[in-house]
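Peer 1: Spelled out, the chains give:
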Amino acid sequence: MLHFERWKIIAIAVVCLAGIIFAMPNLFSKQTVDGWPSWMPHRQLPLGLDLRGGAHLLLSMDTVELEKDWLLTLRGDVRKQLRDARIGFTGLGITGNSVQVRIAKPEQTERAYAELKKMVQPLGNPILGTSGEDIEVIQIGPDALSVRPTSQGMQQRLTSAASASVETVRRRVDSLGTTEPTIVRQGENRILVQVPGFDDTRTLKDVIGQTAKLTFHAVHPRSTAEEARQTRVPLGYKIYPSDESEGGREFLLEERPVVSGEDLVDAQPGFDQRTNEPIITFRFNQSGARKFGRFTKDNVGVPFAIVLDNKVLSAPVIREPILGGSGQISGSFTVESANNLAIQLRSGALPTKLTIVEERTVGPSLGADSIEAGEFAVTVGTIAVAGFMIFAYGLFGLFAVIAVLINLTLIIAAMTLMGSTLTLPGIAGLVLTVGMAVDANVLIYERIREELRGGKTPISAVEAGFTKAFVTILDSNLTTLIAAIVMFWLGSGPIRGFAVTLSLGIFGTIFTAFTVTRLLVSLWIAAQKTRKIPAPI
Amino acid sequence: MFKGVDFFPHGTKIPVMEWRRFCVGISLIAAMLAIALLSTRGLNFGIDFKGGSLFEIQTKSGNVDIADLRSRLGGLGLGEVQIQGLDDPRDALIRVEQQEGGEDAQQAAASKVQNALGEEIEIRRVEVVGPAVSGELQQAGIIAVAVAILGILLYIWFRFEWQFGVAAILALVHDIVITMGLFSLLGFSFGLSEVAALLTLAGYSINDSVVVFDRIRENLRRYKKMPLVELLNLSINEMLSRTVITSTTTFLAVLALYVFGTEVIRGFSFAMLFGILIGTWSSVFIASPFLLWVGIKRDWSGAVAKGTATGRA
Numbered sequence: 001m002l003h004f005e006r007w008k009i010i011a012i013a014v015v016c017l018a019g020i021i022f023a024m025p026n027l028f029s030k031q032t033v034d035g036w037p038s039w040m041p042h043r044q045l046p047l048g049l050d051l052r053g054g055a056h057l058l059l060s061m062d063t064v065e066l067e068k069d070w071l072l073t074l075r076g077d078v079r080k081q082l083r084d085a086r087i088g089f090t091g092l093g094i095t096g097n098s099v100q101v102r103i104a105k106p107e108q109t110e111r112a113y114a115e116l117k118k119m120v121q122p123l124g125n126p127i128l129g130t131s132g133e134d135i136e137v138i139q140i141g142p143d144a145l146s147v148r149p150t151s152q153g154m155q156q157r158l159t160s161a162a163s164a165s166v167e168t169v170r171r172r173v174d175s176l177g178t179t180e181p182t183i184v185r186q187g188e189n190r191i192l193v194q195v196p197g198f199d200d201t202r203t204l205k206d207v208i209g210q211t212a213k214l215t216f217h218a219v220h221p222r223s224t225a226e227e228a229r230q231t232r233v234p235l236g237y238k239i240y241p242s243d244e245s246e247g248g249r250e251f252l253l254e255e256r257p258v259v260s261g262e263d264l265v266d267a268q269p270g271f272d273q274r275t276n277e278p279i280i281t282f283r284f285n286q287s288g289a290r291k292f293g294r295f296t297k298d299n300v301g302v303p304f305a306i307v308l309d310n311k312v313l314s315a316p317v318i319r320e321p322i323l324g325g326s327g328q329i330s331g332s333f334t335v336e337s338a339n340n341l342a343i344q345l346r347s348g349a350l351p352t353k354l355t356i357v358e359e360r361t362v363g364p365s366l367g368a369d370s371i372e373a374g375e376f377a378v379t380v381g382t383i384a385v386a387g388f389m390i391f392a393y394g395l396f397g398l399f400a401v402i403a404v405l406i407n408l409t410l411i412i413a414a415m416t417l418m419g420s421t422l423t424l425p426g427i428a429g430l431v432l433t434v435g436m437a438v439d440a441n442v443l444i445y446e447r448i449r450e451e452l453r454g455g456k457t458p459i460s461a462v463e464a465g466f467t468k469a470f471v472t473i474l475d476s477n478l479t480t481l482i483a484a485i486v487m488f489w490l491g492s493g494p495i496r497g498f499a500v501t502l503s504l505g506i507f508g509t510i511f512t513a514f515t516v517t518r519l520l521v522s523l524w525i526a527a528q529k530t531r532k533i534p535a536p537i
Numbered sequence: 538m539f540k541g542v543d544f545f546p547h548g549t550k551i552p553v554m555e556w557r558r559f560c561v562g563i564s565l566i567a568a569m570l571a572i573a574l575l576s577t578r579g580l581n582f583g584i585d586f587k588g589g590s591l592f593e594i595q596t597k598s599g600n601v602d603i604a605d606l607r608s609r610l611g612g613l614g615l616g617e618v619q620i621q622g623l624d625d626p627r628d629a630l631i632r633v634e635q636q637e638g639g640e641d642a643q644q645a646a647a648s649k650v651q652n653a654l655g656e657e658i659e660i661r662r663v664e665v666v667g668p669a670v671s672g673e674l675q676q677a678g679i680i681a682v683a684v685a686i687l688g689i690l691l692y693i694w695f696r697f698e699w700q701f702g703v704a705a706i707l708a709l710v711h712d713i714v715i716t717m718g719l720f721s722l723l724g725f726s727f728g729l730s731e732v733a734a735l736l737t738l739a740g741y742s743i744n745d746s747v748v749v750f751d752r753i754r755e756n757l758r759r760y761k762k763m764p765l766v767e768l769l770n771l772s773i774n775e776m777l778s779r780t781v782i783t784s785t786t787t788f789l790a791v792l793a794l795y796v797f798g799t800e801v802i803r804g805f806s807f808a809m810l811f812g813i814l815i816g817t818w819s820s821v822f823i824a825s826p827f828l829l830w831v832g833i834k835r836d837w838s839g840a841v842a843k844g845t846a847t848g849r850a
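Protein sequences appear in the order of chains A and B.
Be aware that the first sequence starts at 1, since it is given in our numbering, and climbs by one per residue.
Be aware that the second sequence starts at 538, since it is given in our numbering, and climbs by one per residue.
Honestly, the hints are just simulated from the structure, not real lab data.
Since this is a predicted model, take the numbers as computed values, not measurements.
Heads up, the beta-carbon is just placed ideally off N, CA and C, and yes, glycines get one too.
Certain hints may be false.
Unchecked claim - Cross-link-like lysine-lysine pairs, in silico, DSS-like; alpha carbons within 30 Å at most:
hint : chain 1 : residue 1 : chain 2 : residue 2
1    : B       : 587       : A       : 311
2    : A       : 68        : A       : 311
3    : A       : 118       : A       : 205
4    : A       : 456       : B       : 540
5    : B       : 540       : A       : 468
6    : A       : 311       : A       : 291
7    : A       : 205       : A       : 117
8    : B       : 649       : A       : 353
9    : A       : 353       : B       : 587
10   : A       : 8         : A       : 468
11   : A       : 205       : B       : 597
12   : A       : 456       : B       : 649
13   : B       : 597       : A       : 456
14   : A       : 68        : A       : 353
15   : B       : 761       : A       : 468
16   : B       : 540       : A       : 529
17   : A       : 456       : A       : 353
18   : A       : 468       : B       : 762
Unchecked claim - Simulated restraints on C-beta separations:
hint : chain 1 : residue 1 : chain 2 : residue 2 : range
19   : B       : 652       : A       : 80        : 47 to 55 Å
20   : A       : 37        : B       : 758       : 52 to 60 Å
21   : A       : 327       : B       : 607       : 37 to 45 Å
22   : A       : 327       : B       : 604       : 38 to 46 Å
23   : B       : 565       : A       : 167       : 58 to 66 Å
Just need the whole structure built from these sequences, with the hints factored in.
Peer 2: Laid out in structure tokens, this is it:
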């Protein structure tokens, strides 16, 4: 047990050295490390948001709205499909989670079924094979048909909405000019946004959260909103509230927009040359410009409405056809709100509303305090434990302390290589590891003392100490590892960081106790000049 | 050469097993008190589990005027608002309970607080947890503790005998219940990091018990005829120095964390500090009596030897 072959000694030395080399960049500032020659390791442990400061937002997509939107589209598709096939129908509507339609002539039901079946799209990858269809058409009566999204179809919708949302959110966050934001889908309908070093969550939330759906609508030529409220809203029209700038008036607008935000290619904040008020200038793509041009040409002298997020921003009268495809919006903007709105318009609309379900923000000053406190706690903890170990075991205690320091180095090196982030609970895990790692050595040393008391010679006592304590050390550490794995699996961000350092600490403990400490002890024995070695502890 | 101070007396013959009724009695009373506290007062769940918002603030100059904060925030109509001063007189912690009206209502409340705090106060940390996430975290916390206990039980069952597993788990549940009871008694906030502390404590407490169990198993092979009570006593006494020394080193390390750590890990390190004490107590005084009562299979081929029967011999 105490004899080491040469290659083993070399292997242990290599592992420890590699640990020191890869952990080393963490002792220096980023600038210093950047100046090192390229053959030296540059990687540093990324700090978690709780240490470097930053914002963490968990957003939730509105799946109900998503399904409703889809059903509305489906209803339109069914209408168009049946009309194109010249099949008469009555009672087209949404019932629960399906679109139902009644065919006017029951004998046409079969043909209608075949027509609607054409709307079904296969899902999945055409090369790897399909995984079902997006919608299903069911005959629910002699003259009634139902079109319903399948659950796989809904899944796929959710996935594509999620990736679209992630992209949109990324564009919006990028517009703030922050570094390395993390934006990923989490679980079924969540999006995780982490912006390191940025703690102005208000601006962040404003930029992410607003739907910023810009549309241009025709105003009803004769009726006003008040009249419509008293009698009835004409088919295809809808009453829209207005922004404060229009005095809270209501407008009766055509529900289908003339042009919508998807046709927008650019939006920039600016100032009105005459009034010097903040405005937003925008530009349409070709099809948007054509549609807008045609509409303005046909409606000179008539008001039209600029609608943002279903609220009328302004309803100017068209003075002349706008053919170039660009224009400007004025409202009661401040410089800041015009700027934010322009960002939102540029980055496109979100497929569904995003709700903030969790927010955790740490200011950079608190993060810096936490790092300082953590470093101090690690240092004090290590010194206290080291002092105690040397007091209790002398030179062998010092061996244990060296093993613990190498253990810490290896944990940091492994985390650096894995690219896992160091969080405040992660630092707590390091401190705890210092306390618990010496346990392996305590077990070995106490066993050695026991064997010595039992009358064994020092060498065989040391030998027996290492051999017999091994199983115990393994057992006791593996139970902690179970708890750590559970934490990793349960954990959200910071707790995960704790689980990582704790688990790495356990591997490090087992490794160092049986290589580093053992090697040091065997070297000590080899260095004894006399044949009769004194009891070491 | 300096051999270290072998300060812990060896060959102690503390009749731990003879005291088992008394010790287990004390623990049982403590556990029952804890359960009573947990079921009446309950835990002061943090926003991780209850939803709501939390702000850690620091004044830009002068000390925090808590009374002024209370009157300013109390008028916002946000229900219960707790304000707690921290070690540094410039710092304070504000907790706002979960608002009626779903996810958006939490955000609205948080921004009201931010507005009310004004310019002279720096907000150093904000946490807002809505009802959906807090529900999930609650569930995840319960599942995590259950899975960890089960996993440890299975491991010990696999490595030892099921009796050891049951005894170790009973001791572990004892540690967890009493620690939670203390949190309830002191009204400390209980959140996700405290659950992490409980899980770590679970690992640590089992670690201690396993070390004693290992020695029991070894002694069972060595002293085939020794009465069980005597054998358990011997094993505990033999491991006492290790138990005390390891607990001391771990306690020292966590103490550094508790004293020098920031507010964020205060609850965590407090739970760990107490957990180390109770875990040490249970591995010495509780786990082995449980083992005796559950009964140990002394011989792989023989029948289960009931501790109370052979133990009196």
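Peer 1: Give a verdict on every hint.
Peer 2: Quick rundown of the hints versus the structure:
Simply put, residue 587/B and residue 311/A have alpha-carbon atoms about 35 Å apart, too far for the 30 Å limit, and the pair is violated. Our distance criterion of 30 Å between C-alpha atoms is met by residue 68/A and residue 311/A, whose separation comes to about 21 Å. Pair hint residue 118/A plus residue 205/A does not hold up; C-alpha atoms about 42 Å apart against a cutoff of 30 Å. A C-alpha spacing of about 17 Å is found between residue 456/A and residue 540/B, which places the hinted pair at or below 30 Å, so the restraint holds.
At most 30 Å may separate the alpha-carbon atoms for a hinted pair to count; residue 540/B and residue 468/A meet this at roughly 21 Å. As the CA atoms of residue 311/A and residue 291/A are separated by approximately 22 Å, the hinted pair is consistent with the 30 Å bound. Pair hint residue 205/A plus residue 117/A does not hold up; C-alpha atoms about 43 Å apart against a cutoff of 30 Å. With a C-alpha separation of about 22 Å, the suggested pair residue 649/B and residue 353/A falls inside the 30 Å cut-off, and the hint holds.
Distance restraint check for residue 353/A and residue 587/B: the Cα-Cα separation of roughly 25 Å lies within the 30 Å cut-off, and the hinted pair is therefore satisfied. The suggested pairing of residue 8/A with residue 468/A holds, with an alpha-carbon distance near 21 Å, which does not exceed 30 Å. Taking the CA atoms of residue 205/A and residue 597/B, the gap is about 25 Å. The hint holds against a cut of 30 Å. Restraint check for residue 456/A and residue 649/B: not satisfied, since their Cα atoms lie roughly 74 Å apart, outside the 30 Å limit.
Under the criterion of a C-alpha separation no larger than 30 Å, the hint pairing residue 597/B with residue 456/A is inconsistent with the structure, at around 67 Å. A C-alpha spacing of about 13 Å is found between residue 68/A and residue 353/A, which places the hinted pair at or below 30 Å, so the restraint holds. For the hint linking residue 761/B to residue 468/A, the alpha-carbon distance of about 19 Å falls within 30 Å, and the restraint holds. Annotation: proposed proximity of residue 540/B to residue 529/A holds, straight-line Cα distance about 18 Å (limit 30 Å).
Restraint check: the Cα-Cα separation between residue 456/A and residue 353/A comes to about 75 Å, which exceeds 30 Å; the hinted pair is violated. Restraint check for residue 468/A and residue 762/B: satisfied, since their Cα atoms lie roughly 22 Å apart, inside the 30 Å limit. The hinted window of 47 to 55 Å between residue 652/B and residue 80/A holds, with their beta carbons roughly 50 Å apart. Under the hint 52 to 60 Å, the C-beta atoms of residue 37/A and residue 758/B, about 59 Å apart, fit the expected range.
At roughly 52 Å, the beta-carbon separation of residue 327/A and residue 607/B lies outside the given 37 to 45 Å, and the hint is violated. For residue 327/A paired with residue 604/B, a C-beta distance near 55 Å fails the hint of 38 to 46 Å. A hinted range of 58 to 66 Å holds for the C-beta pair residue 565/B and residue 167/A, which are about 59 Å apart.
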